[in-house]
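Participant: Just need the whole structure built from these sequences, with the hints factored in.
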Amino acid sequence: MTMNREFIINIMIFGLLIAVGIGAHLAGQGFTVTLATKVAILGLAGVGLNLALGYGGLVSFGHAAFFGIGGYAAGVLASHAANGDPLMFGFGGSNQMLVIWPVAMLAAGFAALMIGALSLRTSGVYFIMVTLAFAQMIYYFAISWPRYGGEDGLSFYVRNAFPGMNTLKPIEYFTICASLLGLALVFSGLVTQSRFGLALQSIRQNPQRATAVGIRATPVRLTTFVISAMITALAGALYADLNRFVSPSMFSWHMSGEIMVFVILGGVGRLCGPIAGAAMFILLEHLLGKVSDHWQALLGLMLLGIVLFAPGGLIGLITKGLDALRKEKADV
Amino acid sequence: MSDPILSIRGLKKSFGALTATDDVSLDLYPGEIHALIGPNGAGKSTLIKQIVGEIRPDAGSIAFEGQVIDRLDGAARARRGLARSFQVSSVIPDFTVQQNVMLAVAGAGGHVFRFLRPALSDPGLTGPAQGYIAHAGLTGREQSKASALSHGERRKLEIAMALALRPKVFLLDEPMAGMGLEGAKQLTAILSELRREAPILLVEHDMDAVFALADRITVLVYGRVIATGTVSEIRANPLVRQSYLGEEA
Ligand SMILES: Nc1ncnc2c1ncn2[C@@H]1O[C@H](COP(=O)(O)OP(=O)(O)O)[C@@H](O)[C@H]1O
Ligand SMILES: [Mg+2]
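Respectively, the protein sequence lines represent chains A and B. With the first letter of the first sequence counted as 1, position 231 gets the number 231 in my numbering; the numbers rise by one all the way through. With the first letter of the second sequence counted as 1, position 66 gets the number 66 in my numbering; the numbers rise by one all the way through.
Everything labelled a hint here was simulated from the structure, so no lab data went into it. Even for Gly, the Cβ is constructed at its ideal location relative to N, Cα and C. It is possible that part of the hints are untrue.
As the list claims (entries may be wrong) - In silico DSSO-like cross-links for lysine-lysine, where the CA-CA straight-line distance does not exceed 30 Å:
1. B:Lys-145 to B:Lys-185
2. A:Lys-290 to A:Lys-169
3. B:Lys-168 to B:Lys-145
4. A:Lys-329 to B:Lys-145
5. B:Lys-168 to B:Lys-12
6. B:Lys-145 to A:Lys-320
7. B:Lys-185 to B:Lys-168
8. A:Lys-327 to B:Lys-145
Stated by the list, open to error - Sample of chain B residues with no beta-carbon within 12 Å of chain A, all distances over it, derived:
9. Asp-22
10. Ser-61
11. Gly-124
12. His-135
13. Leu-171
14. Glu-174
Unchecked claim - Covered stretches of chain A, as calculated for chain B (at least 3 residues, CB under 8 Å):
15. 199-211
16. 299-307
Facilitator: If you want it as structure tokens, here you go:
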């Protein structure tokens with residue numbers, strides 16, 4: 001029953017995002033379409049993290065590493081495609097999203113395998129620190145890599161290409177990003193309800209019990225960490241194309257923190273939580289960012305309120321609201 | 001007598017200066033309920049934890065079905081059929097009864113790396129789970145969250161999860177703890193049924209239950225085995241009367 005209710009809320013949230021994108025397009029508001037695209041992309045990054053953090057209880061403070069790897073995969077491949085320099089092993093660059101995405105995801109998946117294999121030996125606050133440390137290492141590496149712009153980052157002038165689409169048109173790029181987000185949601189939803197999802201959630205809640213029924217925690221966690229990183233990397237690649245620019249800031253701990261904020265704001269372990277969280281974040285940034293540079297203070301207050309009083313996040317609040325409505329109706 | 005299914009030899013474990021397991025040897029035979037008794041802090045739970053692979057002994061060896069299992073991790077031992085219940089009941093609180101048992105079915109089969117098929121519509125999980133739930137006396141409670149169960153029901157859920165491992169041995173750490181008189185009676189009946197599934201190493205404080213259920217008893221004091229024998233032998237043993245049963249009286 002709860003499942004059904006949450007399913008309806010998920011459809012509502014995703015549907016709302018689509019409606020905003022299409023509505024803004026019809027109203028000729030290209031900028032709003034782009035904002036909705038940003039929500040889809042950052043939401044996607046959060047959907048990735050949510051798998052590890054929400055369902056697996058793996059508080060990764062280093063997901064910017066994967067977001068950045070995705071972004072740089074797009075940037076580096078595009079820059080090689082533009083100037084015709086071979087990349088490595090005789091391969092050139094590519095400006096095809098259908099090439100860039102798998103490269104981004106595989107690169108991040110490989111990095112996550114390494115980082116996870118080491119960090120999953122620790123838990124709690126040490127896990128947070130180890131993931132952060134790895135992300136910071138990559139951040140400094142990107143800064144000191146002049147071939148790809150170093151501190152200044154890397155710009156590319158046209159968006160990478162997708163067959164049959166004009167990716168530079170806001171609505172078309174929105175369509176691509178929202179479709180990928182939809183796919184990721186379906187995938188996440190299935191995974192969390194599969195045998196694997198049961199195992200993962202049991203390990204979060206009671207690892208000793210999981211062991212006692214024959215489930216080894218580490219392989220399950222590591223697999224989750226890798227899948228989670230790959231989804232976040234896909235978001236990174238899309239983000240690079242949205243801005244036509246990548247910079248080391250994609251790797252920074254601010255970025256890790258922001259992705260985590262989307263998840264917590266929206267509701268930890270709620271499928272569409274990260275979308276709600278990202279939407280709220282971007283809305284605040286957009287509306288209040290013009291008024292004051294201190295909009296993040298308000299965000300901080302909201303976050304505090306959520307953590308203290310509504311641990312289910314925005315999704316939890318919506319659920320409660322709907323329940324109250326339904327009850328009122330029933331009472332009448 | 002047939003060969004023991006579980007055979008422990010010379011097990012030792014110290015926590016700093018404290019010797020929690022002191023050269024313990026013990027055999028569990030097919031079909032029996034073997035009770036492990038002793039005062040608080042005697043090292044009963046520590047012994048169970050070494051058998052299931054949660055903590056590593058400093059010395060000694062454990063054989064299960066004739067094979068040394070010292071190098072297997074806890075999950076592998078569970079999959080081989082060492083089913084354990086905990087002194088403090090331990091289930092997955094946010095899962096329903098059904099999900100808890102399905103988890104055990106999936107874990108026991110070693111098939112948790114299946115990503116896309118909803119577990120709830122997998123008859124390979126739901127079918128067996130239903131049977132174990134019924135066996136443990138929880139029919140009708142399938143959709144209740146584990147956290148909403150009464151203490152006694154949670155104990156039953158643990159038994160259903162243990163059954164799902166298709167166990168060759170049950171290791172039960174104080175299953176009666178915290179149960180009322182009525183609950184303890186019910187559980188005693190369930191346990192005497194359970195022995196038909198697999199032999200039981202039963203850690204228990206409730207002496208009525210122990211004397212009612214056990215075929216043999218091992219008495220542990222300060223990590224050492226001070227006596228092993230049948231119920232009447234243990235009852236008559238002067239050392240046991242003095243150092244353990246005497247305490248109770
Ligand atoms: N992890 C541990 N670290 C240190 N001492 C422990 C640990 N676990 C148990 N002990 C000690 O070992 C002794 C045996 O404990 P335990 O096996 O729980 O006893 P029992 O189950 O017979 O009551 C106790 O003195 C206990 O304090
Ligand atoms: Mg104990």
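Participant: If a hint holds in the structure, say so; if it doesn't, say that too.
Facilitator: How the hints compare with the structure:
1. A hinted pair counts as satisfied when its Cα atoms are at most 30 Å apart, and B:Lys-145 with B:Lys-185 qualifies at roughly 25 Å.
2. Annotation: proposed proximity of A:Lys-290 to A:Lys-169 holds, straight-line Cα distance about 26 Å (limit 30 Å).
3. Between B:Lys-168 and B:Lys-145 the alpha-carbon distance is near 28 Å, which keeps this suggested pair within the 30 Å criterion.
4. With a C-alpha separation of about 27 Å, the suggested pairing of A:Lys-329 with B:Lys-145 holds against the 30 Å cut-off.
5. With a CA separation close to 24 Å, the supplied pair B:Lys-168 and B:Lys-12 stays within the 30 Å bound.
6. Proposed proximity of B:Lys-145 and A:Lys-320 is supported: the alpha carbons are some 19 Å apart, at most 30 Å.
7. Taking the CA atoms of B:Lys-185 and B:Lys-168, the gap is about 25 Å. The hint holds against a cut of 30 Å.
8. Simply put, A:Lys-327 and B:Lys-145 have alpha-carbon atoms about 22 Å apart, close enough for the 30 Å limit, and the pair holds.
9. Residue-level check passed: B:Asp-22 sits 25 Å from the nearest beta carbon of chain A, beyond 12 Å.
10. For B:Ser-61, the requirement that its beta carbon stay farther than 12 Å from each beta carbon of chain A is met, with the minimum near 21 Å.
11. Remark: the non-interface label on B:Gly-124 conflicts with the geometry, its nearest Cβ contact in chain A lying 9 Å away (cut-off 12 Å).
12. With a closest Cβ-Cβ approach of about 16 Å to chain A, B:His-135 is found to remain outside the 12 Å limit, as its non-interface label requires.
13. Its closest Cβ contact with chain A, about 10 Å, brings B:Leu-171 to no more than 12 Å, contrary to its assignment away from the interface.
14. With a minimum CB-CB distance of about 15 Å to chain A, B:Glu-174 clears the 12 Å threshold, and the non-interface call stands.
15. Interface restraint, the stretch 199-211 of chain A with chain B: holds (9 residues with C-beta to C-beta distance below 8 Å; minimum three).
16. Counting residues of the stretch 299-307 of chain A whose beta carbon lies closer than 8 Å to any beta carbon of chain B gives 0, which falls below the threshold of three, so the coverage claim is violated.
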